[in-house]
Amino acid sequence: MLAYAARRLMLLPISLFLVALVTFVVLRLTGNPVDIFLDVTSTPEQVAALTEKLHLDEPIPIQFLIFLRDLAQGDFGLSLQFNEPALSTVFQRLGGTLQLAGTGLLLAIVLGVILGLVCAVWRDRLADLAISSVAVAGQSMPSFWLGILLIQLFALKLGWLPTSGAGGWRHMILPAVTLATFLLPNIVLITRASVLEMSGEQFVIAARAKGLSRLRVLLTHVLPVSLNPLLSFLGIQIGTLMGGSIITETIFAWPGVGRLMLTSISNRDVPVVEAGVLVIAVGIVLTNLAVDLLQMLIDPRIRRH
Amino acid sequence: MSATTLRPRRALFGKGFKMTLGGGIVLGAVLVAIFAPLIAPYDPYQQSLSIRMKPPAWMAGGSAAHWLGTDAYGRDLLSRLIYGSRLSILVGVTSMLFSCLLGSAAGLIAGYKGGRWEQVIMRFADAQMAFPDILLAILMVAALGGSAVNLIFVLGVSRWMIYARVVFNLTRALRQRPFVEAATLYGASDRYVIWRHLLPQMVPVLTVVSTLQVAQMVLQETALSYLGLGLPAPTATWGNILSEGSSRLFVAPWIANLAGLAIIILVWGINMFGNGLREHVDPKSRLAPR
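Heads up: the sequence lines are chains X and B, in that order.
Note that numbering that gives the first Met the number 0 numbers the first sequence so that position 301 is 300, with each residue one more than the last.
Note that numbering that gives the first Met the number 0 numbers the second sequence so that position 73 is 72, with each residue one more than the last.
Hints are computed from structural coordinates only; laboratory data are not their basis.
Note that the coordinates shown come from a computational prediction; the quantities given were computed from them, not determined experimentally.
Even for Gly, the Cβ is constructed at its ideal location relative to N, Cα and C.
Don't take each hint at face value.
[Said to hold, decoys possible] Examples of chain B residues lying across from chain X (beta carbon under 8 Å, computed): (1) Thr-221; (2) Leu-226; (3) Leu-248; (4) Ala-255; (5) Ile-263.
[What the hints assert, rightly or not] Short derived list, chain B residues pointing at chain X, Cβ under 8 Å: (6) Ile-133; (7) Ile-137; (8) Leu-138; (9) Met-139; (10) Ala-141; (11) Gly-145; (12) Leu-218; (13) Ala-222; (14) Tyr-225; (15) Ser-245; (16) Phe-249; (17) Pro-252; (18) Ile-262; (19) Asn-270.
Just chain X, same shape as in the assembly (with noise of 0.2 Å):
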């Protein structure tokens, strides 16, 4: 196991390579990031001081070469908005989005598997049946107009709950409600599957069979194995969660890397969207390799393999 963790992660320069690669042909053709900085009464040298600053003056192989080096040290060069190191831009953003998204998750998870129990045990009865609709229905929905809902019920018209920002936990109930709802129906409709399929294994049976109550079968043989497609589907979803935070920190205003990076982009900080995307692509491989890792740990049948 411990070898199979380490062939993953030397895997891992490579992953970075591709989405560095992808994300450095995409923001060169955004457009000169020195003509949104600099408006139009700025010197000639202004401009020439800048471009070389950001090495445009180079050829755009050399450019990423030199990207390449920087990103070796860790030094995407300064944030063009804050005008500091970007890389410390986006770490002190990111307690707020892991905040955010740890939230949402452990709440989309334990929500989720609970429902899906509930209908995997009272199949096609009246509780399986309002659950599974309701998922269906979720699955359906804009999950930012449930924010927009849940402002105008609570915030508004109610007044319990903040609108937007960031300050104690009255303020995390709304983001946190809002983006668990990204990947709720489809944990709810996972855990319904997986349930009915693992319960009739053969060591179900048999563990039915030596007089253990269905409850304790239920909970102790049926449900970690269950969890295992579960996990798979987490760990494919890591990036639908950073997505879904991106638009949730919109809407409530939190202070994040989702919005950083969409404010960064719209103002052509290049330095800033660089880092900020290679920091969600570490934190996303790293999540699925503990996530494979996991599976094992839970499930002996795939540590053989």
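Starting from the known structure of chain X, arrange chain B on it as the hints suggest.
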């Protein structure tokens, strides 16, 4: 346990019900989009500042002149929603077709050629699968600018790998089937095998995936519009109406809410139809996630 706790019962909502209901909603939306000029009571771009932000007819201050009220520029909301269905459906369907074409071709090559082709294409698909598609779309829209063609391109590129994976797995499985091996042994060309034997087998599955993907594309278009990266401002798309409305929640919440309602009804109809279709094609898959 399957015989005790989890006894199967007959489903209340069968595939026929789902396909009829979902298909009915989709058909209705398509008809509205096609006949928009005949149905819409007003010009969706006609501004009239004296009747700004009139509430819908059932709310205090509303009138039957504008059933769903007006927006911040005094444009009739019902007419804008009716016209908006055109672009939302058009963008959803064409971007789905584009990503289906792109992804199926990639998956077919990877599955049929194998070896290095498979390594490069499928690893790339895996990598993109993990990367936030909305972030990629934002980067690309920022680079290319927001027009309908660019939007379709960006949405298509951001989801090709879904088809690539499905087609790749199908191709690999089908290649080992006796009828394909027989055709190859008889000296059939690659092109013949692909067109005559592989693609027809994939049509049912691809139809299901594509249907459900249209729903995702419609949602993705609204999300991009909300972030200010959709079609430029006065254009009536559901995403734009929702996004304009969300900045006026205090004074005119119905604008955002009615646009949201229109989106959820259409997307739900598509999902319903797609799920019914999937159960029809693969009866084992009832309510499996996508």
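* Asked: Holds or violated: Phe-249 of chain B as interface residue toward chain X, Cβ cutoff 8 Å?
  -> holds (7 Å)
* **chain X contact restraint on Ile-137 of chain B - CB to CB distance below 8 Å** => holds (6 Å)
* Asked: Does Pro-252 of chain B meet its interface restraint, that is, does its C-beta lie within less than 8 Å of any C-beta in chain X?
  -> Pro-252 of chain B check passes; min Cβ-Cβ to chain X is 6 Å, inside 8 Å.
* Let me know if the C-beta of Tyr-225 of chain B comes in closer than 8 Å to any C-beta of chain X, holds or violated. => holds (5 Å)
* Asked: With 8 Å as the cut and Cβ atoms as the points, is Ala-255 of chain B at the interface with chain X?
  -> holds (6 Å)
* Are Leu-226 of chain B and chain X close enough, Cβ to Cβ, to be under 8 Å, as the hint says? -> Hint on Leu-226 of chain B: holds, closest Cβ of chain X at ~6 Å, below 8 Å.
* Would you settle whether the hint for Asn-270 of chain B is holds or violated, based on the nearest Cβ-Cβ distance to chain X being less than 8 Å? => For Asn-270 of chain B, the interface hint holds, since the closest Cβ of chain X sits about 5 Å away, which is under 8 Å.
* To do: Classify the hint on Ala-222 of chain B as holds or violated, based on whether any CB of chain X lies nearer than 8 Å to its CB.
  => holds (6 Å)
* Let me know if the C-beta of Leu-138 of chain B comes in closer than 8 Å to any C-beta of chain X, holds or violated. => At about 5 Å, which falls below the 8 Å cut-off, the nearest Cβ of chain X leaves the hint on Leu-138 of chain B intact, so it holds.
* Using Cβ atoms only, decide whether Gly-145 of chain B comes closer than 8 Å to chain X, and label the hint accordingly. => violated (12 Å)
* Would you check whether Ile-133 of chain B satisfies its interface hint, that is, whether its CB is within less than 8 Å of any CB in chain X? => With a closest approach of 3 Å, the Ile-133 of chain B hint holds.
* Asked: Hey, does the Met-139 of chain B contact hint survive, CB to chain X under 8 Å?
  -> At about 6 Å, which falls below the 8 Å cut-off, the nearest Cβ of chain X leaves the hint on Met-139 of chain B intact, so it holds.
The structure fails to meet hint 11 from the earlier list, while all remaining hints are met.
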